[in-house]
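Asks: Residue-level listing of the chains:
Protein chains: 2
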Amino acid sequence: MENHKRGRQSFALPEPPVITAWSSVAGKKEAEGPLGHTFDETSRDTYFGQSTWEQAEEHMQQRSLRILARKAGIPQEQFGLVFSGDLLNQCIGSSFALRNTGIPHIGLYGACSTMAESLLMASMAVAGGFTDNAVAMTSSHFASSERQYRFPLGYGGQRTPCAQWTVTGSGAALVCSQGQGPRITACTIGTVTDLGIKDANNMGCAMAPAAYSTIRAHFEDLKTGPEDFDLIVTGDLGQLGKEILLELARRDGVSLGGKLTDCGTLVFDNTKQDVHSGGSGCGCSAITLCGDLLGKLSSGKLKRILFCGTGALLSPTSTQQGLPIPGVCHAVSLKGGKD
Amino acid sequence: MENHKRGRQSFALPEPPVITAWSSVAGKKEAEGPLGHTFDETSRDTYFGQSTWEQAEEHMQQRSLRILARKAGIPQEQFGLVFSGDLLNQCIGSSFALRNTGIPHIGLYGACSTMAESLLMASMAVAGGFTDNAVAMTSSHFASSERQYRFPLGYGGQRTPCAQWTVTGSGAALVCSQGQGPRITACTIGTVTDLGIKDANNMGCAMAPAAYSTIRAHFEDLKTGPEDFDLIVTGDLGQLGKEILLELARRDGVSLGGKLTDCGTLVFDNTKQDVHSGGSGCGCSAITLCGDLLGKLSSGKLKRILFCGTGALLSPTSTQQGLPIPGVCHAVSLKGGKD
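Chains as they are written, first to last, in this note's numbering: chain A, 1 to 339; chain B, 1 to 339.
Hints are computed from structural coordinates only; laboratory data are not their basis. Check the hints yourself; a few may be wrong.
One copy or two, either will do: identical chains are not told apart, so a pair holds if it fits within one copy or between any two.
With a cut-off of at most 25 Å between alpha-carbon atoms, the simulated DMTMM-like pairs for lysine to aspartate or glutamate come out as follows [what the hints assert, rightly or not]:
no.: 1; residue 1: 335; residue 2: 220
no.: 2; residue 1: 223; residue 2: 77
no.: 3; residue 1: 335; residue 2: 2
no.: 4; residue 1: 223; residue 2: 132
no.: 5; residue 1: 259; residue 2: 2
no.: 6; residue 1: 198; residue 2: 227
no.: 7; residue 1: 272; residue 2: 194
no.: 8; residue 1: 259; residue 2: 146
no.: 9; residue 1: 198; residue 2: 228
no.: 10; residue 1: 5; residue 2: 274
no.: 11; residue 1: 303; residue 2: 32
no.: 12; residue 1: 5; residue 2: 77
no.: 13; residue 1: 5; residue 2: 15
no.: 14; residue 1: 303; residue 2: 228
no.: 15; residue 1: 5; residue 2: 132
no.: 16; residue 1: 335; residue 2: 274
no.: 17; residue 1: 28; residue 2: 77
no.: 18; residue 1: 296; residue 2: 45
This is chain A alone, in the form it adopts within the complex (with noise of 0.2 Å):
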């Protein structure tokens, strides 16, 4: 058995796992995003055809699914295991997706980490021999979550400045042992980070902590640095946390700023798009990476990154317990296809 552990919280991998193809759906306000061109598809409204937003976000997974087969050149009964989850509820958006396909599924909750979450464990299994290919996906809706996590829409609440726009889209990556495409080289597993913030309308503040300890750590355990990437991209800070997580690195001696960009803040236009911090959500690094970011590692445009998923623990119950919000953030380093 070969050993792959790196230090406390990573793992590195020799024979690198390749993403050979991925596929991203996505909403109308995405769409008219300055990412809009990256998306494989995209809808006209909220529901996708639909009757309800829940119903909407099954779809866009199954869509993705479909359009990853295609991207792919495999019938989709190929996958040979799905990992995936989101933010809803028991993650029936990824369950009900699934539903009678046939494909091995693990079902993950990372909340808006789970894109990193999922390519994490894709990689864990194809690298370990346990399956020859495996599908990491996750999805999420700014309705849905509205509704389940804040109020009911038509109540017209008003958002707070540090408050970010949930991402309407789904992304979904085909990791395989061979093949051409951009390379997963190492992973780091977040660990539970809770500073006690407790304001449900700042995640990027709650979830920063989580995203250096992290960062840190695959410095550390991998011995390398900002300086071996050419992005640092996590997701889904937003413009307040990311200027945190900025702060908590200078604070440590350690100099992000030239390399480190936010999922959040790439997605929509700030200026225009009236999402105050930037977008969040499981879709909201999904639909950047499986689009813009591997679609530049495979052109060559970008080199190596380091792509972290961060996400906020919280539920709407331990919100209304007082509760503080737990953070995580889970890392990947992406190599360029062609080097």
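Given the coordinates of chain A, assemble chain B onto it according to the supplied hints.
Replies: Chain B only, in chain A's frame:
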């Protein structure tokens, strides 16, 4: 890279990971049941000294983890990775329990299949060389489940005869690459099965087809059958679901009769404890495994069992929207420590 994959849904572990320690924490009703003597810790009320039922669930997982460390003879900080999940919206029982422990965490959602799902993932992580050891853990709580899925307890709603009683309890198992204890020899990953059952008070019926699908896949993929096991233990189909599973197998020409039992029928005394169709919840199969079953495998009373965690992947939202209840089942083949 060693190829562990067998058939469509399974993987074999020629160097089987070992469950070197296990722990269980349970509520008052569970302590009064037939397995009461097998739990490490029980509570005299439903609060476990906390102020809410959700925090009681967090506390149960914290206690399971602490007792597991004590029984394994290592400090909790030496756990390499925890796979855990629960039924609470956004799995707050699991993520809150791990706050600031510094232990890498992968959050899962598999409804009541979580004990098997986490054990399966822990086996993958250990056998693949991604960590030295991994904990599989879950919990459920009768009172937090009732108010989340059904009615406030104070409402005093009548339960239907096919309803099951959510177990208040948490179980944890430590999976290591080496050591003494029951071994995990193979696993089968479930597919999401939906036959259109819509009665949210009859979960056993909704999950039985998934259970049969996974058991059949396990037999086919690994060229094995009921004759190779002392027990096939599903959890938690309850009395009615178990009968449906037997019928599904019988129609397919497979006799499980002499070997099949279900955690939902083991954990309570159905004649005295007024639980209708039996126990349920993530904690049901968790405390049955991490007490009675692993104890018997360790002492040699059982030689080989197939542990099949079953989950109903519904949410109150999907039920209110008139949708059916998808089911999933993950199977783990366990071999006694002495042979």
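Asks: Run every hint past the structure and note whether it holds.
Replies: Right, here's what the structure says about each hint:
no.	hint	result
1	335 x 220	within (19 Å within a copy, 38 Å between copies)
2	223 x 77	between (40 Å within a copy, 22 Å between copies)
3	335 x 2	both (22 Å within a copy, 24 Å between copies)
4	223 x 132	between (30 Å within a copy, 20 Å between copies)
5	259 x 2	neither (33 Å within a copy, 37 Å between copies)
6	198 x 227	neither (34 Å within a copy, 55 Å between copies)
7	272 x 194	neither (33 Å within a copy, 44 Å between copies)
8	259 x 146	neither (32 Å within a copy, 48 Å between copies)
9	198 x 228	neither (35 Å within a copy, 53 Å between copies)
10	5 x 274	neither (43 Å within a copy, 49 Å between copies)
11	303 x 32	neither (28 Å within a copy, 61 Å between copies)
12	5 x 77	between (32 Å within a copy, 16 Å between copies)
13	5 x 15	both (14 Å within a copy, 18 Å between copies)
14	303 x 228	within (10 Å within a copy, 51 Å between copies)
15	5 x 132	both (21 Å within a copy, 8 Å between copies)
16	335 x 274	neither (34 Å within a copy, 58 Å between copies)
17	28 x 77	neither (30 Å within a copy, 46 Å between copies)
18	296 x 45	neither (28 Å within a copy, 57 Å between copies)
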